[in-house]
Structure formats: structure tokens, C-alpha cells
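Asker: The residues making up each chain are set out below.
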Amino acid sequence: MIIGEQKSLSEIAAMLEGQRKILIAGCRSCVAICLVGGEKEVAVLAESLRLLSSLKGKGWEVEEVTVERQCEKEWATELGARVQGKDAVLSLACGVGAQTIQSMYPAVRVLPGLNTSNMGAPEEAGVFLERCGGCGDCVLHLTGGICPIARCAKSLLNGPCGGSQGGRCEISPETPCAWEEIHRSLERLGRLDLLEEPIPPKNWLPARDGGPRRIVRKEAVLTDEQKRAKGGRA
Amino acid sequence: MRIVGFCCERGPEQAIDLAGEKGLRYPADLVFIKVPCAGRIDIVHLLQAFREGADAVLVLGCLEGNCHHVYGNLEARKKVDRAKLILDEVGLGGYRLEMFHVASNQPFRIPELALEMASRVERVGPSPLAVRR
Chain A
1 MIIGEQKSLS
11 EIAAMLEGQR
21 KILIAGCRSC
31 VAICLVGGEK
41 EVAVLAESLR
51 LLSSLKGKGW
61 EVEEVTVERQ
71 CEKEWATELG
81 ARVQGKDAVL
91 SLACGVGAQT
101 IQSMYPAVRV
111 LPGLNTSNMG
121 APEEAGVFLE
131 RCGGCGDCVL
141 HLTGGICPIA
151 RCAKSLLNGP
161 CGGSQGGRCE
171 ISPETPCAWE
181 EIHRSLERLG
191 RLDLLEEPIP
201 PKNWLPARDG
211 GPRRIVRKEA
221 VLTDEQKRAK
231 GGRA
Chain B
1 MRIVGFCCER
11 GPEQAIDLAG
21 EKGLRYPADL
31 VFIKVPCAGR
41 IDIVHLLQAF
51 REGADAVLVL
61 GCLEGNCHHV
71 YGNLEARKKV
81 DRAKLILDEV
91 GLGGYRLEMF
101 HVASNQPFRI
111 PELALEMASR
121 VERVGPSPLA
131 VRR
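Read top to bottom, the protein sequences are chains A and B.
Numbering-wise (the working numbering), the first sequence opens with residue 1 and increments by one.
Numbering-wise (the working numbering), the second sequence opens with residue 1 and increments by one.
Think of the hints as simulated: they come from the structure by calculation, not from any bench.
Treat the hints with care, as some may be off.
Under the rule of at most 20 Å between Cα atoms (straight-line distance), these lysine to aspartate or glutamate pairs were calculated in the DMTMM-like manner [claimed, not checked]:
#1 B:K84 - A:E11
#2 A:K7 - B:D88
#3 A:K7 - B:E52
#4 A:K40 - B:D81
#5 A:K40 - B:D42
#6 B:K78 - A:E11
#7 B:K79 - A:E124
#8 B:K79 - A:E5
#9 B:K79 - B:D42
#10 B:K78 - A:E39
#11 A:K7 - B:E89
#12 B:K78 - A:E124
#13 B:K79 - A:E39
#14 A:K58 - B:D42
#15 A:K56 - B:D88
#16 A:K58 - B:E52
#17 A:K40 - B:E75
#18 B:K84 - A:E5
Model, not experiment: these values are computed from the prediction.
Generate coordinates for the entire structure from the input sequences, incorporating the hints supplied.
Answerer: Next comes the structure, spelled out in C-alpha cells:
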């Protein structure tokens with residue numbers, strides 16, 4: 001899932017300066033799980049902005065809406081009627097959701113209420129950890145199911161660096177050394193032999209280094225006729 | 001002065017009733033809103049009370065370790081802490097909001113806490129929103 005953090009109220013207020021009719025749009029998917037963009041968080045932010053508006057005379061008219069997934073056009077279509085007549089939409093979805101609704105409703109300014117951070121997972125209630133670097137060339141089968149790209153600060157592929165101390169990374173005592181964890185995992189699996197095979201220098205072209213990625217599943221792509229039959233929706 | 005008190009219907013509400021029975025006096029402009037558990041209170045409710053013109057808001061939960069719903073009072077405290085930060089951010093001041101733990105046999109705490117919140121309001125002045133109303 002995608003992990004995000006809400007921008008500070010002062011940052012959001014600065015973005016909304018000069019706007020009057022505002023729609024706060026939440027998303028019930030990843031950002032609801034990481035407690036920054038679901039229905040509840042939309043309600044709290046809306047009330048905070050209404051309070052700020054009353055105090056500072058901003059004149060904001062704040063409405064709330066939350067859809068199942070802002071990043072999918074099928075769900076984002078639900079926003080249609082609510083977006084009409086608004087000066088700005090403050091999206092509490094990740095950057096993907098915010099961009100999707102901006103492309104669907106180009107006449108309205110879509111503002112990001114969140115800073116999208118990473119692809120991760122909830123570790124415990126309220127704690128979210130980065131788990132995948134999205135490098136486009138997964139090596140989890142060689143590393144005991146632990147991603148060295150996302151979980152090693154240096155994304156090393158063949159063992160720990162000199163900064164690994166007592167199983168912890170040098171960047172923070174709260175961060176476990178990914179290679180310590182990889183070793184332990186392979187030991188549990190009885191596959192320490194995998195460590196004897198060096199992983200060659202990584203091809204970063206499938207990662208962000210190759211530019212924005214486009215993945216096409218030919219069998220799922222609709223023909224023009226099929227698109228027309230579906231009412232223009234791809 | 002308008003003070004809103006959200007109170008759990010278990011310990012705190014009984015303490016309020018007992019305070020009434022004993023004739024303990026507290027400011028008449030303190031309005032209590034009964035909730036099934038302090039944990040039921042949401043940040044939105046707290047902020048809404050201020051937007052409607054409350055000068056101060058207090059939340060009364062049961063004593064720690066004595067919640068009928070186990071963690072309700074602790075959850076309430078977390079929400080109050082978060083709401084205080086929001087109040088600081090919007091410029092109203094988190095000191096206008098406070099959470100207290102009260103048992104049913106502590107009626108004397110009610111006037112104490114009411115006076116505490118009233119004196120906070122006296123120190124910083126009424127809410128700008130209350131003045132506008």
C-alpha cells in the first residue's frame with residue numbers, strides 16, 4: 001500500500017489562500033489504512049479548516065467527500081457532481097489519486113493535502129514501514145523475502161556495509177540492518193547458500209531511472225469499438 | 001463565558017449528579033453533554049464545539065484503568081492531545097481544551113475542574129468566535 005503523511009495545516013491553508021468553495025476529497029484505500037486520507041481524516045481536516053476560516057475570516061466553504069479509490073477513473077467519476085462549481089479540490093489521496101482527479105476534472109485546481117511517502121505496510125497500529133522500492137526487477141527470491149532496495153539505506157545487493165552495528169543500521173538505531181535480517185531469514189529457510197551467489201550490478205532501467213514507466217497488458221486493452229460501447233470510458 | 005463538558009455517562013456523569021445532590025456550586029454556563037464513553041468523542045466534536053463559540057471544552061473520562069470499555073478513556077486522551085495541537089495550529093490555543101479523569105465518588109472534583117477551565121478563559125480572554133456571536 002501507499003503510505004502518506006498529511007501536510008501541516010499552515011501549508012494547506014497557504015495553498016487554499018484566495019479560494020472560496022473547497023471540496024476535500026478522501027480515498028478509502030491505502031491512505032485510509034495509514035490514517036491520513038480516509039473519511040475520518042477528511043472530517044477532521046474539514047472541521048479544522050472551518051474553524052480556521054471562522055477565526056481568520058477566510059470565507060472558505062468546505063465540503064467533504066470520500067470515494068473508494070481516487071486513482072481509478074471508475075471510482076473517481078463519483079466526484080463529478082461534487083466537483084462542479086468548486087474553486088479547488090483538496091485531495092487527501094496519494095499523488096496518484098490527486099493526479100487522476102486533476103486529469104478528469106481539468107477545469108478545477110486539485111491541491112495535494114498529503115505528502116506521498118512510500119510503498120510500505122503497517123507494522124503495528126500507527127507505525128508504517130517502507131517495504132518496496134518499486135525497482136521493477138524484484139530480487140526477493142534471493143534475499144529471503146526482504147527487500148534490500150527499500151530496506152537497506154544504501155540499497156546494497158551483496159551484504160551489509162560497515163555501518164551495520166548490532167543488527168542496526170547506522171542511519172538510526174530504530175532501523176534494522178536489512179542485510180542482518182536477510183541473513184537471519186535465509187538461515188531460518190535453510191538457504192544460506194543463496195548468499196554465496198553474488199547478485200550482479202542491478203539494471204536500473206526498469207526502475208525510475210528509465211523514465212516514467214508504462215505497463216501494458218495487451219489482452220486487457222479495449223478496442224475503440226469496445227470503448228465506445230462502454231460510454232467512452234477506457 | 002461558555003464552557004462545554006463532554007462527560008462519560010459512567011463515572012463522571014454520576015459525579016456530576018452527586019455534585020448536584022450535594023449542592024456543590026459550579027459556573028452555570030458550563031454545559032455537560034453526556035456520551036456513552038469518553039472514547040466515543042471525536043476530534044470533530046471537540047473542534048465543532050469551539051467553532052460554535054465555546055470558550056473552553058473539557059472532556060471527563062473515568063479514572064485510568066477503570067474504563068468500562070477498557071481503553072475508551074485512554075483513546076479519548078489521545079484524541080484530546082491531537083485536538084489541542086490543531087487548536088494551537090489554528091491560533092485558538094490548546095489550553096482551552098483539557099481532559100480530566102473523574103470517578104463517580106469524586107463530586108468535589110466537578111466544581112474544581114469547572115473553575116480551572118473558567119480561570120483559563122479569564123486568563124486568555126473569551127474565544128474570538130464567542131465574541132463575534
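Asker: Indicate, hint by hint, whether the structure satisfies it.
Answerer: Each hint, compared with the structure:
Between K84 of chain B and E11 of chain A the CA atoms are separated by roughly 18 Å; this keeps the pair inside 20 Å, and the hint holds. A distance of roughly 16 Å separates the Cα atoms of K7 of chain A and D88 of chain B; the hinted pair therefore holds under the 20 Å criterion. The suggested pairing of K7 of chain A with E52 of chain B is violated, with an alpha-carbon distance near 26 Å, which exceeds 20 Å. Restraint check for K40 of chain A and D81 of chain B: the C-alpha separation of about 17 Å stays at or below 20 Å, so the hint holds.
Using a Cα cut-off of 20 Å, the hinted pair K40 of chain A and D42 of chain B holds, with the two alpha carbons roughly 9 Å apart. With a CA separation close to 24 Å, the supplied pair K78 of chain B and E11 of chain A exceeds the 20 Å bound. For the given pair, K79 of chain B sits about 19 Å from E124 of chain A by alpha-carbon distance, which is consistent with the 20 Å threshold. Note on K79 of chain B and E5 of chain A: the hinted pairing holds, with a Cα-Cα distance of about 18 Å set against a maximum of 20 Å.
With a CA separation close to 7 Å, the supplied pair K79 of chain B and D42 of chain B stays within the 20 Å bound. Proposed proximity of K78 of chain B and E39 of chain A is supported: the alpha carbons are some 19 Å apart, at most 20 Å. Under the criterion of a C-alpha separation no larger than 20 Å, the hint pairing K7 of chain A with E89 of chain B is consistent with the structure, at around 12 Å. With a CA separation close to 17 Å, the supplied pair K78 of chain B and E124 of chain A stays within the 20 Å bound.
Annotation: proposed proximity of K79 of chain B to E39 of chain A holds, straight-line Cα distance about 16 Å (limit 20 Å). Our distance criterion of 20 Å between C-alpha atoms is broken by K58 of chain A and D42 of chain B, whose separation comes to about 25 Å. Distance restraint check for K56 of chain A and D88 of chain B: the Cα-Cα separation of roughly 14 Å lies within the 20 Å cut-off, and the hinted pair is therefore satisfied. For the suggested pair K58 of chain A and E52 of chain B, the alpha carbons sit about 17 Å apart, so the restraint of at most 20 Å is met.
Of the pairs offered as hints, the one joining K40 of chain A and E75 of chain B holds, with about 15 Å between alpha carbons and a cut-off of 20 Å not exceeded. Note on K84 of chain B and E5 of chain A: the hinted pairing holds, with a Cα-Cα distance of about 19 Å set against a maximum of 20 Å.
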